Amino acid sequence: MNPQEQRLRRARLMTAAWTGFVLLVIYLPVLCSALASLGKGRYFLFPIRGWSVDWWARTLDSIEIGMLLRTSLALAAAVTVVAVAAGFFGALAFARYDWSGRRLYQKIVLLPIFFPQPVLGLALLLWFNAVGMEMSWRTAIVAHLVWIVPVVTLVIAIKVYGFDPALEEAAFDLGASRLQVLREVTLPILWPGIWSGALFAFLLSWGNFPLSLYTTGADSTVPEWLYAKMIAGYTPMVPTLGTMSTIAAASALGIGALAAMLMKRRRAA
Amino acid sequence: MRDSVVMHEDRPDTAPGAGPVLELAGVRKTFDGFVAVERIDLQVAEGEFFTIVGPSGSGKTTLLRMLAGMEHPTEGDIIVRGRSVRHLPPNKRPTCLVFQSLALFPHRTVGENIEFPLKMRKVPPADRRVRALELMRMVRLPEGYYAKNVTKCSGGERQRVALARALAYDPEILLFDEPLSAIDYKLRKTLEKELKDLHKETGKTFIYITHSLEEAMVMSDRIGVMRGGRLVQVGTPEDIYTRPTDRFVCEFMGEVNVLPVVAADGAYVCAGLTGRFTPPPGGPQPPKGFIVVRPEFLHFVEDDDTTTENVIVGTIYNEYSLGSRMQYQVRVGDKTFIVEQSRRHACSGAPDRPVRIGWHARDAIFVAE
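If you read the protein sequences in the order shown, they are chains Y and F. Going letter by letter, the first sequence gives residues 850 to 1118 in our numbering. Going letter by letter, the second sequence gives residues 521 to 889 in our numbering.
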């Protein structure tokens, strides 16, 4: 083996080692919480003396947890639907069409992302109170949207920037109606962007704590419950639910990637 | 059936040459006060291959987009077969545009791209397929390409797909926005000929825009030269080549020798050149103008030549081989003349030696200022 090959091999080895290290640092806390959920004891102590899936069974059986999951799921689903619809048209206005207020709009739409979420949550709470709305997970939909719609708009806008407007013109010229252009050309081509926007919307809503804290009223979402239990009344159901949530999110991403891959393969065929 | 929808069944049975298929009447287009197209009147006959030539910014693309319905004229009317289409959107017009970028749908196969206009018209899938395969044969695409992804096709194949897709719409008039500009020279020559063949085969009216007069010459029945939003000359390739009406049209055709001249005692003189020049016979002879001589009409004048009316003495500055012909740059004072001759008439003179070049008065073109 000549020296150059040796050097290349060493470089590859170092890259692999570094990548492994970074992954370990990132995922170690997640792994720890998974381990904590599998302990027998009431408290989280290393080394774990006895293993059991008892807490998983109890978490799955818990009516309270079931309600939390339903609330979080309903919230995230509603946010996803509205955010994708608003983000799609927002992205077209952002990146596709030239109109007089566009530059201002491009700046203003980003502002909520830079606004500290706890302050935004509090401001929304005061505002909801002022207009006399009753707080529940439904008001949290509005709160989440304030922060999530700009993110989804940006995610879809990136795809819109790469979209040749001549394609829409060509479709229109070839006899398609406005609706047909949208259905046959615009939507299918922007589909990957819409899909990632939806994924972002769901996950950002699912994991959101600061906005939910102020705006869910008597309802509670998963992150809120986790926080409350960690402050007072720790139970191993906390790491269990945390781990479940992580697994669910990872599967959602995995399924999304798989769906995208299958679609690509079908198109390539 | 709505009368605005394009369907070939409701077309009147007009014989070719029976009235213009397209008529522009005082068409003008401004964008925020900027005049892109200035009052164009034009008639295009049925089955004609009409090319609009002009440099970038001459308004040719705007004009074409108005014909397609993607822009609407500020003033004037666009009439297709006696019916105004001015207010019709692109999907209701009997025209179809082949884009410069081709605008093929990247998420569709070759077959799906070609079938697109038929699908929009709700033609059943089986009939669509038959028509698509027929069109693919017409544009010389192998049948196996039907299920191929368009993004995997080569440049020439993509041209053919775009063409077949436009033909599937079955327009009265096909519009082309420089579709060959991004294609390399050799393939472009092939595609130009194929397009011309297809024009003959389909009998449809083609309106083509390009910035290359050479391309226009090869394909067109008639050419319109555009400059600054105006049509400066309309005529057959022969007309444009031999009887250009102004200096711009001459120069647009490529390398020509232009002499700014003023009248003096029945002949013309040019500042910086010794000698008197005879204008081409016939035609008006205004006091000022330009004598235009094509490089192939400039030749080396032998000492015993007495028939060449116009002679200049200069030195050969450089020479280029153009294959079958030779091109020379001849310096006369601060002016450079371009002489093109076949190898048989090549100059024997060495560089930097004085040579006599000249042209026959009948070969020159005189254009007024």
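Just so you know, not all the hints are guaranteed correct.
[Said to hold, decoys possible] Within a straight-line C-alpha distance of at most 27 Å, the following computed DSS-like cross-link-like pairs (lysine-lysine) qualify:
no., chain 1, residue 1, chain 2, residue 2
1, F, Lys642, F, Lys668
2, F, Lys706, Y, Lys1113
3, Y, Lys1008, F, Lys668
[Claimed, not checked] Covered stretches of chain Y, as calculated for chain F (at least 3 residues, CB under 8 Å):
no., stretch
4, 856-864
5, 1059-1071
6, 1100-1108
Because the hints were derived from the structure by calculation, they are not lab data. Source: prediction; values computed, not measured. By construction, the Cβ of each residue, glycine as well, lies at the ideal position given by its N, Cα and C atoms.
Status of each hint after checking the structure:
1. With a C-alpha separation of about 23 Å, the suggested pair Lys642/F and Lys668/F falls inside the 27 Å cut-off, and the hint holds.
2. Pair hint Lys706/F plus Lys1113/Y does not hold up; C-alpha atoms about 35 Å apart against a cutoff of 27 Å.
3. Of the supplied pair hints, the one linking Lys1008/Y and Lys668/F holds, its CA atoms being roughly 24 Å apart against a limit of 27 Å.
4. Remark: the stretch 856-864 of chain Y is not confirmed as covered by chain F, as 0 of its residues place a Cβ nearer than 8 Å to a Cβ of that chain, below the required three.
5. Only when three residues or more bring their CB closer than 8 Å to a CB of chain F does the claim for the stretch 1059-1071 of chain Y stand; here the count is 0, and the claim is violated.
6. Beta-carbon proximity to chain F at under 8 Å applies to 0 residues in the stretch 1100-1108 of chain Y; the threshold of 3 is not reached and the given coverage is violated.
Checked against the numbered hints above, the structure breaks hints 2, 4, 5 and 6 and satisfies the rest.
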